[in-house]
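A.B. asks: In case you want the letters, here they are:
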Amino acid sequence: MRWNGRTRCALVCICFVLLFSAFSFRLVYLQLVKHDKYAGLAAEKHVYKQPIYAERGVITDVNGEILAHNIPVEIVVADTSHITKEKVAEAVALLSQELKLDPDDLAEKLASDRHYIVLKRDLPTSAADALRAKLREQNLRGIYFEHDAARLYPNGSMLCHVIGFTDFDHKGIQGVEASMDEYLRGQDGYRYIEHDRAGQEIVLYRGQERAARDGYQVHLSIDLNLQNIVENEIDAAVREYSPQKATIILMRPQTGEILAMANRPDFDLNQRNTAKPEQMKNRAVIDMMEPGSTFKIVTAAAALNEKKVRPDTTIFCENGAWNYGGRILHDHHPYGELSVQDILVKSSNIGAAKLALSLGDQKFYEYIRRFGFGERTGVELPGEINGTIRPPQNWSKISITRIPMGHEVAVTPLQMAVAMATIANGGKLITPRVVKSITAAEGETVSEFSPSVVRQVILPETAKQISNALRGVVSDRGTAAAAAVPGFVIAGKTGTAQKVDPHGGYERGKYVVSFIGFLPADHPEFVGLVVLDDAKTSKPELNYGGLVAGPIFSRIAEKAARYLDLAPQPDLIKPTAPGRVASTSASRH
Amino acid sequence: MRRSTQLNRLNAASLARWVVMTALLAVAGLSYVYLTLQLHWLGDRQKAFETTLAGLRKQNDVANVQIAALTSRSALQRRLKEGYLKMVPITEQNIVRLAPVRPAPEENAIRPVANDQVGR
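Protein chains in written order, with the numbering used here: chain A, 1 to 589; chain B, 1001 to 1120.
It is possible that part of the hints are untrue.
[Claimed, not checked] Here are a few chain A residues that face chain B, going by a calculated C-beta distance under 7 Å:
| # | residue |
| --- | --- |
| 1 | I66 |
| 2 | I71 |
| 3 | L152 |
| 4 | P154 |
| 5 | N155 |
| 6 | V203 |
| 7 | L204 |
| 8 | L224 |
Because the hints were derived from the structure by calculation, they are not lab data.
Ideal placement from N, C-alpha and C gives every residue a C-beta, glycine not left out.
Generate coordinates for the entire structure from the input sequences, incorporating the hints supplied.
C.D. replies: Shown next, in the form of structure tokens:
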């Protein structure tokens, strides 16, 4: 091959074509194939995705009274790379004084080489403004402020177990704050911004923006007026009887709406960091107890519903002691023949056991489950437990005589209240509700919780029969005369169960006393449950549900009836209202 | 004479065209710079207004929180206990009745609050 001029020229041209083709391919590769990657890298240098924080929704009671809302606060952070060594001592002196921080800890933090140190959370805006001015005055750099919001509970400890609280990351971790977190949280927005060398936003180059959606407002079924009545009475009960634990629930049987719920011990929601775990438990839904005689409503309802007996059928109650399965079952008083109604009125253990025996293990167990025991009620409160109901194959020989009187079963106070609400509601088991509705900030309804009937547990006639029998309990013949409310017919049942020892067996001399009732008995407006665990009475013979929990129910029911504007029956009004059962006086029982 | 006339003759139309074109370009350029600066200035104003608005919102939130805290049930009850507030019994003429009054059988007996003036 001869290297003449034309050949050389062609060769050079080919080289250039190849070279520029390579450049072109590279350019196309970078601009098209790798476009997103390099555009992203470039954007990272000057484009910033600024979050727009959503505000957490407000929680209110049924009347719109605020139970939880937000207050703007600031977080103080330090970037030590922006603080010169000469200024550290000055910064420590100022910050320790203004933020009430330990100077040694602060000096240690500021001496490190970290770029982001949180010095103080939840600083009120007024305090932040004052600190900002002082930092400017002293020409201190490296201390920055971030906007935040703190959750505030205006009523302190009132309704603390129902409302719950959030963690520092604004995530609900207890109560409605946790169960409704999805609605309360809202959705953060964002805005793409560019900033200049000084870090200032160049508004001209604002990019895509999505507004934040504030959290929805959650309206509870709780009525703070009724809650206040309940809180005052539970406090009075704690002062008088010093129980280890106490729970009171008020609910509307037709809708399942919980009107009030209080537990002791409790805690202040605004000072939850100082509360002990024991104080934070919502015992109405996470505590198990043996219900005692209040459980007899289930036994009697099952026997009547299955037509094994009629309300006036008499059952021999063995004069107070009955040997069954090699173990003696006692009644509190010796009874002979008692009607089914009177078994409830007198709270006969032997009578209840015989009713259960007439049903048989399997049928009785079926009814216990149909009343909702052994499963969660579905209330919008986190941590609810099932309780413990053993299937018949795990029962002992005497279980059929012990379960009817509320032993060998473990239920939550709310399950017990729901069971009584079933009687009050014509046999319909309703899902209890603590949330009434959810609305957006603009007011439109997002969700409304309507009553949810789980099942028809017993026939309406059976519910009526039980209701009639329970009226006798709150009479001079029954175990809870002190639970009466002047002007109203009340249906109710007392319970006194020996406390279960966690190590096995029962604790001697310690009782869980309770009373569940509803009024007016004909058209129930509310069901009330009072449970006191280990109430201290001056004499052991005073520690009964009818004597301790009954009067508490009476006072609550009387005030609640007035508040709900229920018309009393004039012929039922007695000159004296039932007073508090004095733990020092034996004359009242 | 003829040559000098030929050499110094000014093409006024062409000159005018260039002057106008240059002036237009200059005005366009200056306008671009002015408008760009205006945009930046307005952006800064927008930012300042946003900051002011955010500050006002924050103040409003703080005020709302204070109102809620001071008018909460617990706060009012505390005030009542301290004697700052007093409960005044409702007089008969201030009661709104929702249902006809039932005669009370005796003094101080409980009875519902009812309104017999509804519809009048």
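A.B. asks: Next, verify each hint and record whether it holds.
C.D. replies: Verification of the hints:
no.	hint	verdict
1	I66	5 Å, holds
2	I71	4 Å, holds
3	L152	6 Å, holds
4	P154	3 Å, holds
5	N155	5 Å, holds
6	V203	3 Å, holds
7	L204	5 Å, holds
8	L224	6 Å, holds
Checked against the numbered hints above, the structure breaks none of them.
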